[in-house]
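Just so we're aligned, residue 1 is where the first sequence starts under our numbering, counting upward by one.
In case anyone wonders, no lab produced these hints; they're calculated from the structure. The structure presented is a predicted model; accordingly, all values stated were derived computationally and were not measured. Where hints are given, some of them may not hold.
Straight-line distance between alpha carbons at most 27 Å, and here's what the computed DSS-like set of lysine-lysine pairs gives [what the hints assert, rightly or not]:
{"#": "1", "residue 1": "Lys-24", "residue 2": "Lys-138"}
{"#": "2", "residue 1": "Lys-224", "residue 2": "Lys-247"}
{"#": "3", "residue 1": "Lys-163", "residue 2": "Lys-71"}
Listed next, with one range per pair, are the computed distances between beta-carbon atoms [claimed, not checked]:
{"#": "4", "residue 1": "Asp-300", "residue 2": "Glu-25", "range": "26 to 34 Å"}
{"#": "5", "residue 1": "Gln-58", "residue 2": "Asp-352", "range": "54 to 62 Å"}
{"#": "6", "residue 1": "Glu-187", "residue 2": "Asp-119", "range": "44 to 52 Å"}
{"#": "7", "residue 1": "Asp-300", "residue 2": "Asp-166", "range": "40 to 48 Å"}
{"#": "8", "residue 1": "Asp-260", "residue 2": "Lys-86", "range": "46 to 54 Å"}
{"#": "9", "residue 1": "Tyr-68", "residue 2": "Glu-25", "range": "40 to 48 Å"}
{"#": "10", "residue 1": "Phe-301", "residue 2": "Asp-352", "range": "39 to 47 Å"}
Glycine included, every Cβ here is placed at the ideal spot set by N, Cα and C.
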Amino acid sequence: MERQILHIDVNNAFLSWTAVEMLKEGQKIDIRTIPSVIGGDETRRAGIVLAKSMKAKQFGIVTGETIYQAKRKCPQLQVFQGKYKKYKEYSDKLYNLLLEYTDKIERYSIDECFLDMTDYLMNQKLIDKAYEIKRRVKEQLGFTVNIGISSNKLLAKMASDFKKPDMVHTLYPSEIPTKMWNLPVSELFMLGRKTVPKLQAMRIKTIGDLAKTEQIKLIKKFGKHGNLIWQYANGIDNSEVSYKQEKPKGIGNSTTLPMDISEIEKIEEVLLALTEHVAYRLRKNGMLANVVTVQLRTSDFKDFTHQGRLKVATCSTKIIYEKAKSLLEEMLKEKKRIRLVGVRVDNLVEKDEMQISLFNTEKTEKLEKLDNILDSLNKKYGYNSVTRAGKMKIHKIVKLKEE
DNA sequence: TCTGGGGTCCTAGGACCC
DNA sequence: TCTGGGGTCCTAGGACCC
Numbered sequence: 001m002e003r004q005i006l007h008i009d010v011n012n013a014f015l016s017w018t019a020v021e022m023l024k025e026g027q028k029i030d031i032r033t034i035p036s037v038i039g040g041d042e043t044r045r046a047g048i049v050l051a052k053s054m055k056a057k058q059f060g061i062v063t064g065e066t067i068y069q070a071k072r073k074c075p076q077l078q079v080f081q082g083k084y085k086k087y088k089e090y091s092d093k094l095y096n097l098l099l100e101y102t103d104k105i106e107r108y109s110i111d112e113c114f115l116d117m118t119d120y121l122m123n124q125k126l127i128d129k130a131y132e133i134k135r136r137v138k139e140q141l142g143f144t145v146n147i148g149i150s151s152n153k154l155l156a157k158m159a160s161d162f163k164k165p166d167m168v169h170t171l172y173p174s175e176i177p178t179k180m181w182n183l184p185v186s187e188l189f190m191l192g193r194k195t196v197p198k199l200q201a202m203r204i205k206t207i208g209d210l211a212k213t214e215q216i217k218l219i220k221k222f223g224k225h226g227n228l229i230w231q232y233a234n235g236i237d238n239s240e241v242s243y244k245q246e247k248p249k250g251i252g253n254s255t256t257l258p259m260d261i262s263e264i265e266k267i268e269e270v271l272l273a274l275t276e277h278v279a280y281r282l283r284k285n286g287m288l289a290n291v292v293t294v295q296l297r298t299s300d301f302k303d304f305t306h307q308g309r310l311k312v313a314t315c316s317t318k319i320i321y322e323k324a325k326s327l328l329e330e331m332l333k334e335k336k337r338i339r340l341v342g343v344r345v346d347n348l349v350e351k352d353e354m355q356i357s358l359f360n361t362e363k364t365e366k367l368e369k370l371d372n373i374l375d376s377l378n379k380k381y382g383y384n385s386v387t388r389a390g391k392m393k394i395h396k397i398v399k400l401k402e403e
């Protein structure tokens, strides 16, 4: 049976939400009406554009470029820092409003949802519902969305990407040739900066060109991904709206250092702070990790990872950190100037109390108790309040840059 | 390039076993 | 053994998304 899918996409999410919040705080100007961007902190070398206003876009500013470049394009550009806690709140508000229409909602990202409306229409037309949702979000929450309508997720998502902001678009299979095939191939979901030039070299310029290319040719060149993009170009996507809350498959934390560093002791201090955060989130999810990965980026922007499997799945900060530290040591056998440090845990499993007690030794119990105490203090006094020794030192490293 | 941080999935090659 | 092939697990790297 034909499905009825909506894709809801918040227009310039971080910027819109910041604007709404600022207005609420009594700020007179709406930053959506001036050339403005949400950006990372330049002094922390994280100065890239995360979201832009329509006015900023008119100056040719694009997401992902440096604040420096953006300012060159538009000297009067206003730059604001992200308020990520607030963003989660706005995302939740949107989700709760959408729940009034269906509980089959997939939260694809902080500012995007898929809705499967197939069973919830009651003789109403989907497009009328879409307009109602769009209007209510604007009136009740204060920001605009684009809504894409189709019979599968891919087409609904492509539709919501058409003209912005504050618009509803359909892209039914019958509309593919007129609405999608004329677009440049770079517009297709899952075609990024590496694959697009390769397609262009094959004289594939539009999504229509891709759709008409022999499937086998794409599979030979790009493997599974070749098959996927051929299907997408033809509007084929049978994936379900996955509305059940899924547990994370991995948890990571990484940071660009305020300055490149080579001393392993300093990198270890950063690694400890990152590990504390990762292990804390792991425990909050009630999960255990089997694999630890350390990521480094050198000053010349090359990325390296090393991973290792743990003997027993764990959520202990100390055990994860010890693994991470040994991985770091093998990665830094020769000296490198390090720009970014990251740690992540993968191959997660649910913490099953029975199973854990079987493996529990006195030592792991002690570690668990320590983690629990720190976690509860963090809960009480805020995440950054209580730390192991290493954490304070990070702030010192950060300070170095400022001085 | 003055180039974030959080993810997921795929691939290729090596180790190891039968 | 101057050795075949298949399966599985593991690691490092890369592509893509927001």
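Here is how each hint holds up against the structure:
{"no.": "1", "hint": "Lys-24 with Lys-138", "verdict": "15 Å, holds"}
{"no.": "2", "hint": "Lys-224 with Lys-247", "verdict": "26 Å, holds"}
{"no.": "3", "hint": "Lys-163 with Lys-71", "verdict": "26 Å, holds"}
{"no.": "4", "hint": "Asp-300 with Glu-25: 26 to 34 Å", "verdict": "42 Å, violated"}
{"no.": "5", "hint": "Gln-58 with Asp-352: 54 to 62 Å", "verdict": "55 Å, holds"}
{"no.": "6", "hint": "Glu-187 with Asp-119: 44 to 52 Å", "verdict": "31 Å, violated"}
{"no.": "7", "hint": "Asp-300 with Asp-166: 40 to 48 Å", "verdict": "43 Å, holds"}
{"no.": "8", "hint": "Asp-260 with Lys-86: 46 to 54 Å", "verdict": "32 Å, violated"}
{"no.": "9", "hint": "Tyr-68 with Glu-25: 40 to 48 Å", "verdict": "28 Å, violated"}
{"no.": "10", "hint": "Phe-301 with Asp-352: 39 to 47 Å", "verdict": "42 Å, holds"}
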